[in-house]
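K.L.:
My request is simple: use the sequences and hints to build the entire structure.
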Amino acid sequence: MKHATACPECRVTKIRCTQDPGDPQSACLTCQRRNIKCSRLWKRPKVYTTVPWTGPNTCTIAPPADLPQWDRELRSLTPKEISHFIQLYFKFVHDRPHSLFQEWTFWEQYHSGTLSDTMLAALCALGCRLSLDEAHRNLSTFFISKAKSLISQNLEDISISNVQACILLANSYAAEQNHKLEGLYFGIANRMAYILGLHKQDNRDLPILKETKCRIWWSLFMADRWCTPGLGLPREIPFINRSMELPMDERDFQLLRPADELSFERQRNGLWAYNITLVDIVDEIQDMNLSLTQDYVDRPTVDAQVQRIEARLQDWHNSLPLYMIMNEPNLERYRKQGTGGLFVGLHLGYHYFHTLLYFQYLEPNCEPNPRTIAYASKCRSHGLSFSRLLWTARGLGDCHVVFLTVAHMTIVSSSVLLHLLLFGNPEEVDTAKLQLTRNFEALMELSKYWPRVDKMKDRLFVFQEACLRSSAASTYTVNRWVVRFLLEYALPFERNGTDEDTCAATAAVFKHSPSSSNVPLERRIMLDKALEDLRN
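Each step along the sequence shown adds one to the number in the UniProt record's numbering, with nothing skipped, and position 152 is 152.
Derived by calculation from the structure, the hints in this document are not laboratory data.
For each residue, glycine too, the CB sits at the ideal point set by N, CA and C.
Within a straight-line C-alpha distance of at most 25 Å, the following computed SDA-like cross-link-like pairs (lysine to any residue) qualify:
no.: 1; residue 1: LYS37; residue 2: PHE90
no.: 2; residue 1: LYS210; residue 2: GLY113
no.: 3; residue 1: LYS210; residue 2: SER116
no.: 4; residue 1: LYS336; residue 2: THR392
no.: 5; residue 1: LYS336; residue 2: TRP391
no.: 6; residue 1: LYS336; residue 2: GLU103
no.: 7; residue 1: LYS378; residue 2: GLN305
no.: 8; residue 1: LYS180; residue 2: ASP454
no.: 9; residue 1: LYS378; residue 2: PRO426
no.: 10; residue 1: LYS336; residue 2: SER385
no.: 11; residue 1: LYS180; residue 2: LYS448
no.: 12; residue 1: LYS455; residue 2: PHE440
no.: 13; residue 1: LYS37; residue 2: ASP398
no.: 14; residue 1: LYS455; residue 2: ASP224
no.: 15; residue 1: LYS529; residue 2: PHE461
no.: 16; residue 1: LYS91; residue 2: ASP117
no.: 17; residue 1: LYS210; residue 2: ILE240
Computed Cβ-Cβ distance ranges for the label pairs, DEER-style:
no.: 18; residue 1: SER381; residue 2: GLU532; range: 23 to 29 Å
no.: 19; residue 1: LEU206; residue 2: GLU428; range: 52 to 58 Å
no.: 20; residue 1: THR437; residue 2: ASP260; range: 47 to 53 Å
P.N.:
The following block contains the structure:
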């Protein structure tokens with residue numbers, strides 16, 4: 001007689017009973033989603049003792065004195081701590097800036113000992129940052145050193161595992177503000193992916209491997225669109241490959257098991273698929289903003305570009321299935337599925353791209369006509385919508401959007417709120433102050449996990465100072481200085497540049513001309529006070 005392996009609750013409802021791979025002692029995934037008590041008696045997990053970092057089959061010995069510091073630190077970690085870091089990664093980072101794994105497969109490899117040390121170190125370098133324990137967060141630099149050492153030793157191992165590890169390590173270097181190594185490891189990952197043919201679909205692959213390769217490739221595409229402008233580098237993936245399938249529904253992928261692969265039929269695209277098609281539009285927005293830094297700007301041509309990009313964004317939104325449109329029922333649905341953070345991140349990006357598109361029209365001296373006035377209003381509206389959605393997500397507690405890119409988007413949203421504070425109607429000022437405060441709270445939370453956020457906050461202070469020292473109107477004129485503020489978020493952003501273009505732009509922005517100032521003194525004082533808490 002076959003023993004029952006499902007809990008009574010799942011047997012009654014005839015729903016697949018799946019153990020949580022990240023926490024073998026917890027309720028099954030279905031009971032967790034239904035928020036009911038699970039009565040399944042799980043197999044008692046193995047009891048682990050402290051083992052050296054190099055693996056559970058190695059005897060625990062005192063580490064040699066000549067070992068690097070990172071090796072000595074990591075050898076004392078227990079499997080329970082490592083598992084905790086993995087759980088934090090999948091809870092807060094996975095499927096946000098990149099989508100590299102099927103979680104069940106990852107845990108299977110981890111528990112069976114087939115996961116590479118390189119991959120594990122690179123993943124834990126991100127996961128430990130999200131720990132509430134400061135001592136755990138401080139381990140990140142040791143994990144980075146471990147991963148870097150292992151990748152260097154095995155650089156000629158052109159494998160999917162090494163591509164994943166390079167992407168993870170690039171993200172860690174982004175957090176450490178090491179922009180050169182961030183660009184280097186993304187570049188290595190790109191080249192390895194091309195050599196492995198990840199940019200071409202192989203229909204011989206079984207569904208789990210096929211989807212994993214698909215997600216790795218599109219993660220590199222996303223990084224190329226997000227990170228290369230931020231680093232001031234040219235794109236390495238010049239166009240979207242229309243022949244490549246987009247990622248499938250996230251829940252379908254995570255529930256897929258090897259036993260089901262032969263009979264599996266793909267049903268629909270997932271949130272990441274729509275994220276990719278949205279980010280594909282950002283190229284035009286970036287190029288349009290860069291064109292504004294030229295000596296001569298053909299305003300009718302730029303306005304036509306904006307109108308075309310606006311139509312693309314609207315077409316994208318119209319293409320969303322009804323269950324992907326941002327509203328309370330859909331947010332609650334994705335939250336219960338455990339993908340609320342990904343759903344929120346998709347729509348934060350939508351508002352952020354609109355903000356970038358319309359930012360040039362915030363300049364009060366911009367030639368007014370019905371279209372430019374409407375564009376300025378839309379910029380303020382999307383800046384506010386971004387802030388409100390971020391606040392809503394943070395209040396829910398399990399729609400986590402704490403990945404690094406959110407900090408930059410929040411800074412840009414805050415610059416729009418500063419504009420409202422300076423130039424908005426009296427009834428808009430209180431709203432702007434409230435949303436600025438909420439944005440600052442989000443930035444303070446993010447700075448606990450990502451050191452680079454402090455530098456990003458400094459960018460907002462520089463922007464604020466420009467508003468206070470100039471006529472404020474000129475601060476929103478899109479020149480090279482403002483483009484660097486909007487796009488090159490990973491590079492230093494100072495008041496005084498070294499190249500001629502930057503110096504000229506900065507001089508224009510900071511030209512002190514009180515007689516031309518169109519911002520009342522009380523608004524300037526209010527702006528200074530609004531940023532005081534964040535500065536402290």
